[in-house]
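Turn these sequences into a full structure, and let the hints guide you.
Note that full-length UniProt numbering numbers the sequence shown so that position 748 is 748, with each residue one more than the last.
To be clear, the hints were calculated from the coordinates, so they are not data collected in a lab. Certain hints may be false.
Pairwise CB distance ranges (calculated) [said to hold, decoys possible]:
no.: 1; residue 1: Q578; residue 2: G600; range: 29 to 39 Å
no.: 2; residue 1: P464; residue 2: P521; range: 27 to 37 Å
no.: 3; residue 1: K123; residue 2: K738; range: 54 to 64 Å
no.: 4; residue 1: P361; residue 2: I314; range: 25 to 35 Å
no.: 5; residue 1: V772; residue 2: A442; range: 51 to 61 Å
Here are the simulated EDC-like cross-link-like pairs (lysine to aspartate or glutamate), alpha carbons at most 20 Å apart as the crow flies [stated by the list, open to error]:
no.: 6; residue 1: K818; residue 2: D805
no.: 7; residue 1: K282; residue 2: E308
no.: 8; residue 1: K793; residue 2: D805
no.: 9; residue 1: K562; residue 2: D547
no.: 10; residue 1: K738; residue 2: D805
no.: 11; residue 1: K817; residue 2: E777
no.: 12; residue 1: K286; residue 2: D373
no.: 13; residue 1: K390; residue 2: D363
no.: 14; residue 1: K390; residue 2: E702
no.: 15; residue 1: K393; residue 2: E364
no.: 16; residue 1: K562; residue 2: D140
no.: 17; residue 1: K393; residue 2: E433
no.: 18; residue 1: K123; residue 2: D363
no.: 19; residue 1: K282; residue 2: D373
no.: 20; residue 1: K793; residue 2: E702
no.: 21; residue 1: K312; residue 2: D373
no.: 22; residue 1: K393; residue 2: D373
no.: 23; residue 1: K369; residue 2: E389
no.: 24; residue 1: K118; residue 2: D140
no.: 25; residue 1: K123; residue 2: D140
no.: 26; residue 1: K286; residue 2: E433
no.: 27; residue 1: K312; residue 2: D342
no.: 28; residue 1: K423; residue 2: E389
no.: 29; residue 1: K817; residue 2: D805
no.: 30; residue 1: K390; residue 2: E364
no.: 31; residue 1: K793; residue 2: D701
no.: 32; residue 1: K423; residue 2: E433
no.: 33; residue 1: K562; residue 2: E496
no.: 34; residue 1: K390; residue 2: D373
no.: 35; residue 1: K286; residue 2: E389
no.: 36; residue 1: K556; residue 2: E690
no.: 37; residue 1: K118; residue 2: E132
Positions of the beta carbon are idealized from the N, C-alpha and C atoms, including for glycine.
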Amino acid sequence: MAPSPIAHAATTPGFQAYKQHLNANRHRGAIFLSGSLTWAIEWFLAHEVHSFAHQMGLLSGVMFSDQFAELVSDLGKANVSEGGQGSEEAKSNNREILCDSVEQGEHLASRDHLSQLKRVNSKTYRHHLGTENNLVFFADPQLNLDALAALSGTICAGGILYVWLGDGASKQAAGNQAATNNVSSTFIASHFVERLCLAAQRQPFIQLVQQNFVQQNNESSQLFAHDGYGNRQHSADTKMSSDQFGHDTLGERKFSEAKAVKPQVTTGQQAVIAHITRMLSKGRNKPLILTADRGRGKSTALAWASAELLQKAIRPLTIAITAPHSMALGVFFSQLGRTLPDGQLSQHCFSWQQHQIIFVPVDELLRAKPQADLLLVDEAAGVPVYLLEKLVKQYSRLVFASTIHGYEGAGKGFTGKFLPLLKAQGVAAQIMELNEPIRWAANDPLEQLMFDACLLNAHLPTLPTDLSRRLTSHPELIGYQCFSGQELAADEQMLEQIFAILVTAHYQTKPSDLKLLLDDPAMVILAQVIEQHVIGVALLISESITDQSLHPAIVKGQRRVKGQLVPQALAQQAQLPQALVFEYLRVMRIAVHPSLQNQGLGSQLLQATSDYAKSNYVKSNQTKDNQFDFVATSYAASPAVVNFWHRNGFTPVKLGFNRDASSGEHSLMMLKATSSAGQLSAFIELASREFYSAFASWLGDEFSALSYQLVTQLLAMAPSHTAESVSVRDWEKINAFKGNVNLYRLARPSLTIWLQAKLVSLGVQLSASCEVKEKQERHAIASSVQAQLDALKPLVAKCLMLHQDAQVCQRFGFTGKKALYQHLQQVIQ
Numbered sequence: 001m002a003p004s005p006i007a008h009a010a011t012t013p014g015f016q017a018y019k020q021h022l023n024a025n026r027h028r029g030a031i032f033l034s035g036s037l038t039w040a041i042e043w044f045l046a047h048e049v050h051s052f053a054h055q056m057g058l059l060s061g062v063m064f065s066d067q068f069a070e071l072v073s074d075l076g077k078a079n080v081s082e083g084g085q086g087s088e089e090a091k092s093n094n095r096e097i098l099c100d101s102v103e104q105g106e107h108l109a110s111r112d113h114l115s116q117l118k119r120v121n122s123k124t125y126r127h128h129l130g131t132e133n134n135l136v137f138f139a140d141p142q143l144n145l146d147a148l149a150a151l152s153g154t155i156c157a158g159g160i161l162y163v164w165l166g167d168g169a170s171k172q173a174a175g176n177q178a179a180t181n182n183v184s185s186t187f188i189a190s191h192f193v194e195r196l197c198l199a200a201q202r203q204p205f206i207q208l209v210q211q212n213f214v215q216q217n218n219e220s221s222q223l224f225a226h227d228g229y230g231n232r233q234h235s236a237d238t239k240m241s242s243d244q245f246g247h248d249t250l251g252e253r254k255f256s257e258a259k260a261v262k263p264q265v266t267t268g269q270q271a272v273i274a275h276i277t278r279m280l281s282k283g284r285n286k287p288l289i290l291t292a293d294r295g296r297g298k299s300t301a302l303a304w305a306s307a308e309l310l311q312k313a314i315r316p317l318t319i320a321i322t323a324p325h326s327m328a329l330g331v332f333f334s335q336l337g338r339t340l341p342d343g344q345l346s347q348h349c350f351s352w353q354q355h356q357i358i359f360v361p362v363d364e365l366l367r368a369k370p371q372a373d374l375l376l377v378d379e380a381a382g383v384p385v386y387l388l389e390k391l392v393k394q395y396s397r398l399v400f401a402s403t404i405h406g407y408e409g410a411g412k413g414f415t416g417k418f419l420p421l422l423k424a425q426g427v428a429a430q431i432m433e434l435n436e437p438i439r440w441a442a443n444d445p446l447e448q449l450m451f452d453a454c455l456l457n458a459h460l461p462t463l464p465t466d467l468s469r470r471l472t473s474h475p476e477l478i479g480y481q482c483f484s485g486q487e488l489a490a491d492e493q494m495l496e497q498i499f500a501i502l503v504t505a506h507y508q509t510k511p512s513d514l515k516l517l518l519d520d521p522a523m524v525i526l527a528q529v530i531e532q533h534v535i536g537v538a539l540l541i542s543e544s545i546t547d548q549s550l551h552p553a554i555v556k557g558q559r560r561v562k563g564q565l566v567p568q569a570l571a572q573q574a575q576l577p578q579a580l581v582f583e584y585l586r587v588m589r590i591a592v593h594p595s596l597q598n599q600g601l602g603s604q605l606l607q608a609t610s611d612y613a614k615s616n617y618v619k620s621n622q623t624k625d626n627q628f629d630f631v632a633t634s635y636a637a638s639p640a641v642v643n644f645w646h647r648n649g650f651t652p653v654k655l656g657f658n659r660d661a662s663s664g665e666h667s668l669m670m671l672k673a674t675s676s677a678g679q680l681s682a683f684i685e686l687a688s689r690e691f692y693s694a695f696a697s698w699l700g701d702e703f704s705a706l707s708y709q710l711v712t713q714l715l716a717m718a719p720s721h722t723a724e725s726v727s728v729r730d731w732e733k734i735n736a737f738k739g740n741v742n743l744y745r746l747a748r749p750s751l752t753i754w755l756q757a758k759l760v761s762l763g764v765q766l767s768a769s770c771e772v773k774e775k776q777e778r779h780a781i782a783s784s785v786q787a788q789l790d791a792l793k794p795l796v797a798k799c800l801m802l803h804q805d806a807q808v809c810q811r812f813g814f815t816g817k818k819a820l821y822q823h824l825q826q827v828i829q
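Here it is in structure tokens:
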């Protein structure tokens, strides 16, 4: 087979000069490939395989795709985690595309080189954080932005990020192959991709390569013309036109003449190393929280500090290190081996002289509790917060390393939840930050591209100093504006204000949220505004499953429709099939400017959301427009947040069994009807009754680890209709227990009925106290009710959650079993 024109293009001076400039400046580049997948893979292989560095056998990289990860079995390659989506027919067609690509590129030894790339999908990409790559090939029609942002941070200086943008306008020139094979261009209507292209315009070393241009010119040498430094070329008919990138081309820009310099230890790293090496000379001390952007040398600093500890130790040391996955520690162990070359690495254990540094998974740390002089937690934001909390209680010397922007997979859960949690528990942490990049040079084009496109550096708007006072005296100044993604895409200033509040005030905000609010047609952004300043934001998403033919399969768990959280969870997990007939407006995120929180603005924003749900309509079928039936929410349940939603009229209907990775809490689903219509009231009554009936029985096992405060709070806010009446016979058993503690077991079923009814009664009183106008009286009533709720917590722990006497005594400070049971007898009225 004769070499294709693309194979010749790979050896042109232009691409080599492009690579050389990346290396000389210690920068990283990005090449966006617009065309069929077959063409994109062939173009990528042709250029990378023939580049000088990779001819030396240094091909090191990642290939990301959800749709094509399973294809490697057909190509005879290494094992790949299954991640394919879509129908079997679509998967088969996609398989043919990639196989055709490899067959056409066989003369380039593409099979061998393709096998060198690690296969990654949306389920596994977090495992590769902390690794280093020369390149990333990103082929995802849905453009998983969290994965793209995270994997781009693993690319070293001189490396390139390749992003397949679908076929777009190249579809016709490519013979409609993409459309035929179900790999259509989902990007062409994407406001985020347009934003990505505009951000690329502002950075050097960023390329857009289009299939129709290459085919029309029969070669790609002109793509890197103008002294070989990467002139961007575009076809006349593409929607990603030269106007989006600007007329200034990459080849016409002036590049820095800086020479490649081997990274040395930075001042920040020196401070971190010095701090860690001092930790073993003290008793139990403050945990070290180490944060940084990607590429700042966190893992390297941990490795160097560990090596220095071993070298200075006068006794055998054991250092444990953990991470979400062992693959994330590649840089750590690599740097450790370079620093201590006579050490031995075997099965994730590095041994040097009489010392050892061993990787232990988080669950194994908590189960086996191995002894360690120091525990290092790398990529800490990828570990659920509640597990980090347990590690703090278990080990006396800890270092947590994490990125600032939450790429590890838990949004801002690490800094937004974990640090306040430590403070609340009286644990004083030492916080250090690394700012100077070492994996690449400062002002790296790829990093700037991701920061600009994803608004990772969004800053909160500066508010007037007297704004809080004026809001109190003139609440009518507050207004509300609704935006679609298309409108925000055209208003950069408003978009930056909105996303800055989400990033700063809501711990779960992540890069993909920006793409979601720009591209999802079901999304509505409600902004709370005063004098052109955004002070609050609610992300609202409409949910309804109008295709009734899908309902039976959804209820049976055989079918799941994307983007329909509430109706499907209630229909399938709670087995309430009638949930599928309603229209929901789900509050996906709600956040208020940090300087204005706890002033009632969040409640006002929720009221505006309810007003929007009542006054706007959703298309439920071809002939009728329906008002939203419910405002819904699903969030990580903590006492303060649960109280906020309940105070605003929302009723609990479902609590998830698994803890949320970001917060360490269980997800609570709540509903609020948009009207008093009988059908809506009946459904909330049914859903809440079934939830509370099951919740009480689950407290002894599924939810036995919930906080007593949260359990008591949830039971107290149960609707009155969920409480069972205490019978005469129940009172006889309860009174018998009050006179004889030995009859507790006999009385427990009756105590359970009484306790739930009592909590509901107190909850009603607490809600009523909010209506009292006189502040002092309102506070007195609320304090009295709260004191009674607190007094009932030991009975909740013992009677409903089935905790052992010793555990309850320890938690509430009772001197022993006798004191505990005396208290239980006294609280029964």
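Okay, the hints, checked on the actual structure:
1. Q578 - G600: 29 to 39 Å: 35 Å, holds
2. P464 - P521: 27 to 37 Å: 36 Å, holds
3. K123 - K738: 54 to 64 Å: 55 Å, holds
4. P361 - I314: 25 to 35 Å: 30 Å, holds
5. V772 - A442: 51 to 61 Å: 59 Å, holds
6. K818 - D805: Satisfied, since the Cα-Cα distance of roughly 10 Å is no more than 20 Å.
7. K282 - E308: 16 Å, holds
8. K793 - D805: 13 Å, holds
9. K562 - D547: Holds, at about 13 Å.
10. K738 - D805: 18 Å, holds
11. K817 - E777: At roughly 38 Å apart (the allowed maximum being 20 Å), E777 and K817 break the hint.
12. K286 - D373: Answer holds: K286 to D373 is near 14 Å, not above 20 Å.
13. K390 - D363: 11 Å, holds
14. K390 - E702: 19 Å, holds
15. K393 - E364: 15 Å, holds
16. K562 - D140: It holds: about 17 Å lies between the C-alpha atoms, which stays within 20 Å.
17. K393 - E433: The hint is violated at about 24 Å.
18. K123 - D363: Measuring from Cα to Cα gives roughly 19 Å; hence the hint holds.
19. K282 - D373: Satisfied, since the Cα-Cα distance of roughly 11 Å is no more than 20 Å.
20. K793 - E702: 18 Å, holds
21. K312 - D373: 14 Å, holds
22. K393 - D373: 15 Å, holds
23. K369 - E389: 14 Å, holds
24. K118 - D140: Since the Cα atoms of K118 and D140 sit roughly 15 Å apart, the hinted pair holds (cutoff 20 Å).
25. K123 - D140: 13 Å, holds
26. K286 - E433: Distance ~16 Å between K286 and E433 Cα, so the pair holds.
27. K312 - D342: Roughly 16 Å separates the two Cα atoms, so the pair holds.
28. K423 - E389: 12 Å, holds
29. K817 - D805: Roughly 6 Å between the alpha carbons, so the hint for K817 and D805 holds.
30. K390 - E364: 12 Å, holds
31. K793 - D701: Answer holds: K793 to D701 is near 17 Å, not above 20 Å.
32. K423 - E433: 18 Å, holds
33. K562 - E496: Judged against 20 Å, a Cα distance of about 28 Å means the pair is violated.
34. K390 - D373: The hint holds at about 17 Å.
35. K286 - E389: Holds. K286 to E389 sits at ~14 Å (cutoff 20 Å).
36. K556 - E690: This hinted pair holds, its Cα atoms lying about 19 Å apart.
37. K118 - E132: 12 Å, holds
Hints 11, 17, 33 from the list above are not met by this structure, while the remaining hints are.
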